[in-house]
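Read top to bottom, the protein sequences are chains X and F. For the first sequence, position 299 matches number 287 in the numbering used here, and the numbering has no gaps at all. For the second sequence, position 363 matches number 374 in the numbering used here, and the numbering has no gaps at all.
Keep in mind that the hints are not guaranteed to be accurate.
[To be verified] Straight-line Cα separation of at most 25 Å, SDA-like style, residue types lysine to any residue; simulated pairs:
no. : chain 1 : residue 1 : chain 2 : residue 2
1   : F       : K124      : X       : L226
2   : F       : K360      : F       : G312
3   : X       : K172      : F       : I130
4   : F       : K360      : F       : S380
The set of hints was computed from the structure by calculation and includes no laboratory data.
One-letter residues, chain by chain:
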Amino acid sequence: MSVLDSTTTILSSGVRLTVPLAFAACGEYLAQRAGAMNISVEAMMLGAAFTSVATASATGSATAGLVVGVVTGLVLGFVHGNLSHRAQINTFVVGLVLNALVLGLTSYLITTQQFTSHQVGVLSIPLLQDIPLIGEPLFSGRWPAYLLILLVPLTWWLVTRSRWGLELRAVGENPQAADVAGIKVNARRRQALLWCGAMAGLGGAYLAVGEVGSFNQNMTAGRGYIVIAAVIFGAWRLGRTLIGCMVFGLSDAMRLALPALGVTLNPQLLVAAPYLLALIAMLLFASQHREPAALGRPFQRGST
Amino acid sequence: MTPTTSAVPILELRSITKSYGSVTACDAVDLRVDAGEIHGLLGENGAGKSSLMKVLLGLVRRDAGTVLVRGEEVALDSPQEAAELGIGMVHQHFSLINALTVWENVALGDTGKVNKQAICAGIAEVSARYGLPIDPEARVDALSAGERQRVEVVKCLRRNPQILILDEPTSVLTQAESQELFAVLGRVVQEEGRAVILISHKLAEIAQATDRVTVLRKGRVAFRAVTAETTPQLLARQMVGREVSLGDEGAALGLLPVQRAGADGGEARERQQPVLRLAGLTVVQGGVRVLDDIDLTVGAGEIVALYGVEGNGQAMLGDVLSGLVVPTDGTIEVAGSRVDVTRPGVLSKAGLGIVPEDRHHSGVVLDMSVAENLTMKSLNEVSGRFLVRRRAMLAQARRLADEFNIVTPSLDAPVRSLSGGNQQRVVLARELSGHTRVLVAAQPTHGLDVGAIEDMYARLRRAAAEGIGVLLISTELEEVMALATWIAVISSGQITGALPVSDATPERLGMLVGGEAA
């Protein structure tokens, strides 16, 4: 295999691994800007991966699987939002419980069922896909990947330009002031978590019925945490967050590709690479205080 | 400025009642405000001013009573409804969001599409009309206290409210900024016929700026009058509910001038043996010199006041002296020996006690018992190597509680269940126990009622009489004048001057506070 070919292979694999992260990161970014520290993004992705495969198997349509995956994410976002930002249970505890619950539940259910494999179609863009090196990685993917072209700008616009987004940011920075301005703080956070659920669900479903075509136990394997790391890595900016997703996706691709290319490198080390990168990024950004000031802090009216 | 007494007042509250649990914050309060007047609302902490305004803004729901706006009964269930009725508030705290720009802050609470051009144009128009220049693109955290207040005022006026509420608007402003604000308010009522409700505990301000005044006491209306027909002394008496006899009380309420009691009152005494010496103390945070080369000395038995407008570095100095922040440069000497502040607990070991500015934050542990809080800094005395000797702890706590008149249901009761004044006494008792040489009291009377303020003053004086050096960090001029022998003034993190209290005229202090040598 020529160097060019293997580079293209790694890039293709990197893009495929980045796309699910990018979907979920759009959601997590928006939720964190609203001050909602959503740990359960892992549960959203894993749950959606399972339900999408189950639906695709039952209906024969991978697209239906994708839709049900989004709905699964929404449901988990609804549950997380209501437990954390209505019942005022510690949001980290809620997240950890949901992650453990979904992992256990899907691991059990997969042993009771046999699913047939379905995958969404590949959409190749004529001409563009023939560009050397980047043509195949970028312009010959599964069709839902192209939704990013729409959803990334939409997320950015929602947060930085819409009234809803302005209110979200206010809620994430200073919930008391937002309350005084007549903004329903916890309602905004629940709404942000719904958006996060839908996007994380899409990411999880894309991973299952888009790239892999089947479900296996713990198939997200901590990608939800990587998404959280990407938002931190990106210092709560969408562009940098997506760059973070790419870095993590590519390092994942290297891990898979290097042994096949005959390079001997400790695979365990490469598994740890994204997390190490996230740690280093956090160290670098820690002193800048970029995070939304009220991130992860519950808000209750009448208390300061 | 005689208010035009129209038949229908712009705002009328009839027997508003609001309770929180067993506490009645407002008890059948009546208030009538006419268009074209500035109406003062005067009261001590906890008199019910804030609760009444929260009702008026739709932030809390009243238990009983009627609100009439222009003669029509209204529900006032939400902040949006209050805004639609033309009720706007200039908030003191929690209202601007630091990470957002000025125009984004102004746009918060609007409805509909965000139109930056239109919002910025609106800001420019209001700024021009009232002479309040602000840059709509600036981030709020880059603005000074005065500029933030300006943003608040512009934000409120842009919505064209008919009734403006200002809650303690001058507490963080310089004298000049306060005058600017009152000038704007004067135009708002006289030329535009709006109504203003000015909440304050500063009598001078009420007397200067308002047309009529309502005094609240313990949730009830105690007194109402045309301001011109009353005197600050009368208002103070109505607010407290008894004759203001002590200089201390008068000072706390903002009655100038204050005559100090005691022989050492007017004269500058010789400086005593220093027990606290700060030299070149500097803290740089985020590129800003929050404290800039502070030199300050407190002698044994002296009360030295550090006076200045809030937000000029006092909080940082309090944090440094609490050991929470390690200074970038400079030294701290306690009782003649230099303290290495990079290690926790050394300041307290060296004999420095501190009553921190925010007692809930770093003064007491609210959910721990009175006894545990009282002995927290002297655990060696009440415990063995591993175990706490409960009997010794309770004995020590009992002794301190008796000595400092701490009113508590039991020594095992959580500090949370105590009143603010008693919580503050717990802090003071703990910090003065042991071998304390220096006591730093940062805003020790914030949020206390008059009785507790009086008690605090007496205890600070007694501590000084016992030879302890007291550094009083305060933003209340009257408090400083009443207690201190020396006054140092801090402005933008620098000490702009220090003078004995006998030389400290309000004018000279005012100049120093404004950052100018006097």
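Of all the hints given earlier, name the ones this structure violates by number, lowest first. none
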